[in-house]
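Going down the list, the sequences are from chains X and H.
Sequential numbering from 1 applies to the first sequence in full-length UniProt numbering.
Sequential numbering from 1 applies to the second sequence in full-length UniProt numbering.
Keep in mind the hints are simulated off the structure, nothing from the lab.
One should not assume that every hint holds.
With a cut-off of at most 30 Å between alpha-carbon atoms, the simulated BS3-like pairs for lysine-lysine come out as follows [to be verified]: (1) H:Lys174 x H:Lys147; (2) H:Lys167 x X:Lys442; (3) X:Lys369 x X:Lys235; (4) X:Lys349 x H:Lys147.
This is what each chain is made of:
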Amino acid sequence: MSTTEFDLVVIGGGPGGYVAALRAAQLKLSVAVVEGNHLGGICLNWGCIPTKALLRASEINHLLHDLGQFGFAVDNPRFDFEKVIARSRGVAKQLSGGVGHLLKKSKVPVFNGFGKLSGTDGKKRKITVTMVDGSITELKAAHVILATGARARVLPGLEPDGKFVWSYREALVPDLLPRRLLVIGSGAIGTEFASFYRNMGSEVTLVEVADRILPVEDEEISKLAYASFEKQGMKILTNAKLGPLAKAKDEVSVEVTTRTETQKITVDRVISAVGIVGNVEKLGLENTKIVVDRTHIRTDEYCKTGEPGVYAIGDVAGAPWLAHKASHEAVMCVEAIAGLSVHPIDPTKIPGCTYCRPQIASVGYTEAKAKASGYEVRVGKFPFVGNGKAIAMGEPEGLVKTVFDARTGELLGAHMIGAEVTEMIQGFVIARTGELTEAELKETIFPHPTISESMHEAVLSAYGGALHF
Amino acid sequence: MAIDILMPALSPTMTEGKLLRWLKAEGDKLFSGDVIAEIETDKATMEVEAVEEGLLGRILVEAGTEGVAVNTPIAILVEEGEAVPDMASGSAIPKDAVPKNIPALPEVPAAVTGTAASSQKTEPVKPGTALAASRIIASPLAKRIAKDAGIDLIMVKGSGPNGRIVKHDVEAAKAKGTAKPSAQPSAPAAISPEAITIPMSSMRKVIARRLTEAKTTIPHFYVAVDVQLDALLALRSQLNAASPAEGADAFKLSVNDMLIKAAAVTLRRIPDMNVSYAQDAIVHYPGVDISVAVSIPDGLITPIVRDADKKSLREISNEMKDLVSRARAGKLKPEEFQGGSFSISNMGMFGISEFSAIINPPQAGILAIASGEKRPVVKGDGLAIATVMTATISVDHRVVDGALAAQWMSVFRSVVESPISLVV
Numbered sequence: 001m002s003t004t005e006f007d008l009v010v011i012g013g014g015p016g017g018y019v020a021a022l023r024a025a026q027l028k029l030s031v032a033v034v035e036g037n038h039l040g041g042i043c044l045n046w047g048c049i050p051t052k053a054l055l056r057a058s059e060i061n062h063l064l065h066d067l068g069q070f071g072f073a074v075d076n077p078r079f080d081f082e083k084v085i086a087r088s089r090g091v092a093k094q095l096s097g098g099v100g101h102l103l104k105k106s107k108v109p110v111f112n113g114f115g116k117l118s119g120t121d122g123k124k125r126k127i128t129v130t131m132v133d134g135s136i137t138e139l140k141a142a143h144v145i146l147a148t149g150a151r152a153r154v155l156p157g158l159e160p161d162g163k164f165v166w167s168y169r170e171a172l173v174p175d176l177l178p179r180r181l182l183v184i185g186s187g188a189i190g191t192e193f194a195s196f197y198r199n200m201g202s203e204v205t206l207v208e209v210a211d212r213i214l215p216v217e218d219e220e221i222s223k224l225a226y227a228s229f230e231k232q233g234m235k236i237l238t239n240a241k242l243g244p245l246a247k248a249k250d251e252v253s254v255e256v257t258t259r260t261e262t263q264k265i266t267v268d269r270v271i272s273a274v275g276i277v278g279n280v281e282k283l284g285l286e287n288t289k290i291v292v293d294r295t296h297i298r299t300d301e302y303c304k305t306g307e308p309g310v311y312a313i314g315d316v317a318g319a320p321w322l323a324h325k326a327s328h329e330a331v332m333c334v335e336a337i338a339g340l341s342v343h344p345i346d347p348t349k350i351p352g353c354t355y356c357r358p359q360i361a362s363v364g365y366t367e368a369k370a371k372a373s374g375y376e377v378r379v380g381k382f383p384f385v386g387n388g389k390a391i392a393m394g395e396p397e398g399l400v401k402t403v404f405d406a407r408t409g410e411l412l413g414a415h416m417i418g419a420e421v422t423e424m425i426q427g428f429v430i431a432r433t434g435e436l437t438e439a440e441l442k443e444t445i446f447p448h449p450t451i452s453e454s455m456h457e458a459v460l461s462a463y464g465g466a467l468h469f
Numbered sequence: 001m002a003i004d005i006l007m008p009a010l011s012p013t014m015t016e017g018k019l020l021r022w023l024k025a026e027g028d029k030l031f032s033g034d035v036i037a038e039i040e041t042d043k044a045t046m047e048v049e050a051v052e053e054g055l056l057g058r059i060l061v062e063a064g065t066e067g068v069a070v071n072t073p074i075a076i077l078v079e080e081g082e083a084v085p086d087m088a089s090g091s092a093i094p095k096d097a098v099p100k101n102i103p104a105l106p107e108v109p110a111a112v113t114g115t116a117a118s119s120q121k122t123e124p125v126k127p128g129t130a131l132a133a134s135r136i137i138a139s140p141l142a143k144r145i146a147k148d149a150g151i152d153l154i155m156v157k158g159s160g161p162n163g164r165i166v167k168h169d170v171e172a173a174k175a176k177g178t179a180k181p182s183a184q185p186s187a188p189a190a191i192s193p194e195a196i197t198i199p200m201s202s203m204r205k206v207i208a209r210r211l212t213e214a215k216t217t218i219p220h221f222y223v224a225v226d227v228q229l230d231a232l233l234a235l236r237s238q239l240n241a242a243s244p245a246e247g248a249d250a251f252k253l254s255v256n257d258m259l260i261k262a263a264a265v266t267l268r269r270i271p272d273m274n275v276s277y278a279q280d281a282i283v284h285y286p287g288v289d290i291s292v293a294v295s296i297p298d299g300l301i302t303p304i305v306r307d308a309d310k311k312s313l314r315e316i317s318n319e320m321k322d323l324v325s326r327a328r329a330g331k332l333k334p335e336e337f338q339g340g341s342f343s344i345s346n347m348g349m350f351g352i353s354e355f356s357a358i359i360n361p362p363q364a365g366i367l368a369i370a371s372g373e374k375r376p377v378v379k380g381d382g383l384a385i386a387t388v389m390t391a392t393i394s395v396d397h398r399v400v401d402g403a404l405a406a407q408w409m410s411v412f413r414s415v416v417e418s419p420i421s422l423v424v
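Okay, chain H solo, but in the shape it has when bound (with noise of 0.2 Å):
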């Protein structure tokens, strides 16, 4: 039967676009995945691919045509040895075939699976959780079928025996025409012979879902502000100075421990910001655990400083440092980056004067610390020199509000600026 394929809408908002140009010619074989024409909107160029087999039996829509509505026809799909229609078979088409030619975006996967506030306590959710490399657990079967149909299987959700991906799940996937690769904005008509494409390692793969995942379902908004650290640094130093020379009980702050410290207090402060969005509810976390981010070779990972408002400095320095070697040294345990209720992402190593980060799903929270430096402040009515720092925090409006991240960030700034209370 004669198939038509549909202009399809390659974002949420898109209504039209042009029809770029056509890589198949009428009477070319299609396979299901050939990339068939290329599609201009008002963000980028979008590859179509075939999702059925057969041939190209008609081009309904010229290379250049400008303004072309989604869910109009543009080709028409025959079986080999079957007559070509010359009209689209039009308002025959049901509703559901329209994502099929959509190259669209993975499933989601909830966020927060339903976990009422009230089973927090056992059952913690689990945010971070793809941040960490993990291997996928598919069945030879599935794995062939996914192979064979060029779906991904990291993006396919299993049913099996602890999550593994069976055939069915990849069925269903290629049923409904997700867990295919999301279509890319095409690479520069010519490319570079020099130019080298490297296939993603798994975790690598995570990452990029993650992330898609929370900067386009998460709306974010960002509170900067400027915090001084002259205070904080003469107590680090005193209190480093007071550490003794070696043995067990020898220890040596980083301006990140207390910074770690400093954010956890201000969320028990206001504990309105230690939250999750979660359908339609908004989950309150019982503990202050703080989600860090640390690079590791091809991406990062963030292990967790659980209950960190109630430990002391001390407990929370030698803790990162055997944090951050074990998840160097691919060691940590899912539960060590696996939960966690806000995170903190500090570059303040790399000279930078400020940046703004990307929410950690499904928390609501993180703050960017960038680096420390010697400014020109206003003392009074004369300047003054003092160590500042920017920090910024990017917040998921969905379940916290403007008004209450800046009352956040200026506990936080002075917390910071009066350290005292990280240490009583």
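One chain only, chain X, in its complex shape (with noise of 0.2 Å):
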């Protein structure tokens, strides 16, 4: 048993984590991290690296069968499912060598086991690691910063059963592409994976407890995306509910009520999706000041916890579930930890991404919240339909809406659905950030022609009229 003394000891290597120790290194601090797992964590091994992977797989296969409109005819378009699959693994593959290297780089040691906190002794505190060989390694640091994520929320009969029932991670690695499928939950990873295999060719049906599919975007983005998902054969069912799953030998059957029928459906796979909880078990976090609420560890707005020295970022400390929130938070965490002065997140400033076909991207209050909250709003929208780039890249479906303070101009937030629109909401996040008005959203020059320029439409339309529309 050996013992090792640092400033910070990480434990968890995924978007928070490893974001923490680099940052950590840069400011000169000595850190460690510890990581049973791999280096990335599900982000980028089990998220929204190899989800990405796949929809770009399925994207692909949609134009494929679209190129018609573009004037192409190609016979028999296909493809091998397995290598689509195999594409997905060696990108979470390569990024997670890069993150080894850059950790490497940085010299900060990983510890590749599972770490709890032990105590303290004197000032420090102690960090007991189980190492994956099973060895037990003994770390000693003034902070400790845990970020240890969260994982799949399982509900009673909808257990991951190794055939039926897939959590993200065994749809991410299918043994065969369903001819039907059902998703439960339409939040951002149900719908991403339910456009997957939609766009894949499987028969998809989602169902959502609640009364709109992405409950918590805008909305008319939900209805625009209802309405598109129907489009492309999908099925979906809002405010359902599922009996038990009756599970034969090659397919799987449910009872599905909404309200206005009972439905039963059968399928060959389903896909829970239905929330996430956070890793807050083996922390040693029993003898401790540490609060755990829901599964999630209680933080004020620094990510400290209960426990002097002990900090908690990422999913395992909340919502909202996205790396860049958990990587924001690092930075901020270890910037504070060295000294230096930082800013609280406001989670209005936070964008959300979700990459089915068509992209839904926002950032900030949607219309209904800000009304409740209070505000005079002025709402501005336009749609991809008026945008010549869009048209000329037969990407017609889609939206952008702004919603304005009335009284201050101030931008609440921004709500978007179509092509490309993940990579452009960061012009409104900085907007945000920056506290930009809609006067200089007015006077700023988008490029032409580009689908951007919707974005400018739409902040026009909320004040006296977009151009093009």
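Each of the two chains sits in its own frame; use the hints to bring them together as a complex.
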């Protein structure tokens, strides 16, 4: 058993943890990372990145079946599903290796094991690491960041069973392309898988317990997504309640009750995407002042837990469960430890993206939330059908919506659906972070021809009228 | 809900005042920032501004009433369409409500931000900062909200990146009711139609704020001495005569250069004057850095001669020439006018006989130099003629007492009158 001392030990090597370590190294803190699985965490290995690789494949498949509009004719377009999945795994592997390289370059040691808090020694905290080879290593550090992430919530009756029921993890390495697929939950994860499998050819039924899909998005965006998915042949059931799964030899059936009817859905596979829970177990939190609230560690706005010197960032510290939120918290938390002045994160300035087809991206208040918060709003909208680039690209389906505070001109929120919107939302995020008003946005010259011009038009629309619609 | 408008406290010492006149009548619509009444105190006539929007529902204290106690309800503000209560809600008013109507002084930024003496070396406090023209850095949204609310951003402290003023800061200032331009004594009733109002430059605003802060928060006292200059003038002639006629080594010492050195030498001998007040501590400066007031168009700036006690007269002289010319051209770097441990203001060139200066926070002293002139002096038992100037030091009484200031002035006088210590 060896002991090693650091200024900071980060438990978890995902987009929160490894970024915390890199920033700490930049600030000349001695820092180590404890990670029991893959560097890069869920995001890189089982989340954001491999799903993007899959969605790229499904987008290509869609285009291959839509070539006629561009004047192409291809006979019998087809794909090898195993190769599609293998590419996704290869991308994850490449990037995970990249994280390892970055940490090595920054001379950050990585302890390949599972860390837990194990008391204090003077002013230092002890972290006991159970290495994957079974040996025990003890670390000491003045500061500990918990960045252990989260995992899929498992509802009773919907446990991944090795065959019919998948969580995101199984859905990323499927044994087959299901002919019929049921996706339970229409948040970002459920919607992306529904979109991927539908565009690869599966018959997809998407069920949602709320009254609309993508319930955190602006209602108008939800409606447009619903219409688009339906047009693509997806079956969508909202206000849906599920009966127990009836598993047969090669298929599984479930009764789904909506407000209007009860129907029996029979599929080959089921994806359960009903939220996530924080990884708070086996961290040695029991004998500390750290408060766990509904599977997440409670922190203040600077990521401090109830225990001095212990911080929690990213998914384990609660919503929104987004990699970029974790990374940003990582930088803020480490800079605060290093004594720099930092600013807490404003959740209304964190963008959210869903990479289904059509893509969805948003930041800040929805129209309904702005009104409920007491704002008098000015709303602008611009559909892609008025945008030259979108038409030229063959992507006329989309909308940009802006929500302004009528009194101050503050951009309260922006909501987009359509091609490339995930790449464009940052423009509105900058506007919110820099506290620009409609005046600066109106005066900004957007390049022509780009789909981003529809962002400008949506601002103009809120203040007297868009030019091209 | 009806809101009581209270008799504001227009100064920390005010307990009552005369409600001079109402500028709004019952039923008038009020917007935040409207002047609704004038109040006369023993010191001045001040305006009362509306803080909330609404209708002036009822006037409770008639114009001309004297001796109205602070916090007495003087009127009731109601929302449009709301019934007007006959009486003030009285005791229901939380204490917090009081400051709402006070055209408060700007929040005074801590002069020395808790910097302990121990960290002086690496992180010098930055006095004199604000005497430079500074651009206000604020987000577009913060600027707009401030404009709409009538908030002067120069009085708002920024919490954003690099001190940028963001929405949150303006809203906090708005909620606290600070950062409103402080009420000015009202102009004469009949303003001449020829009078014109010119908005202040931001440098002027900073000067106004900083000097108000200095004069209202620092308990000044003053010690003056007459100093005979003949020996210093003789030394100056002698030294200047020794200068090469031209070339890089040429110099021409001014009286001011020599007085900077004299003050620096005196500070080195009496370091307890080379200090700053910092909440519950006294900051002792390790170096003798003299801020020299230089007048520039529409204001003044205080470039600094660092370690003036260790520099030769020639070095000080050359440095001052450079600093003054760049100050007038607006080309000083921030570190060249921020910092400094003691100030000198010399108005000798204007033929004035004496004056006193306002301390440049967070410093504890400033030396005001008047003109040197031939005066009758008593030497031995007879009258003689000597060149004499009156020097007046202004001192922060929180950190320096009268005896020390007197001792300092006495040493300063002896240094000037026996100026050999300026060259050795």
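Hints, verified against the model:
Distance restraint check for Lys174 (chain H) and Lys147 (chain H): the Cα-Cα separation of roughly 11 Å lies within the 30 Å cut-off, and the hinted pair is therefore satisfied. Distance restraint check for Lys167 (chain H) and Lys442 (chain X): the Cα-Cα separation of roughly 20 Å lies within the 30 Å cut-off, and the hinted pair is therefore satisfied. At most 30 Å may separate the alpha-carbon atoms for a hinted pair to count; Lys369 (chain X) and Lys235 (chain X) meet this at roughly 28 Å. Taking the CA atoms of Lys349 (chain X) and Lys147 (chain H), the gap is about 24 Å. The hint holds against a cut of 30 Å.
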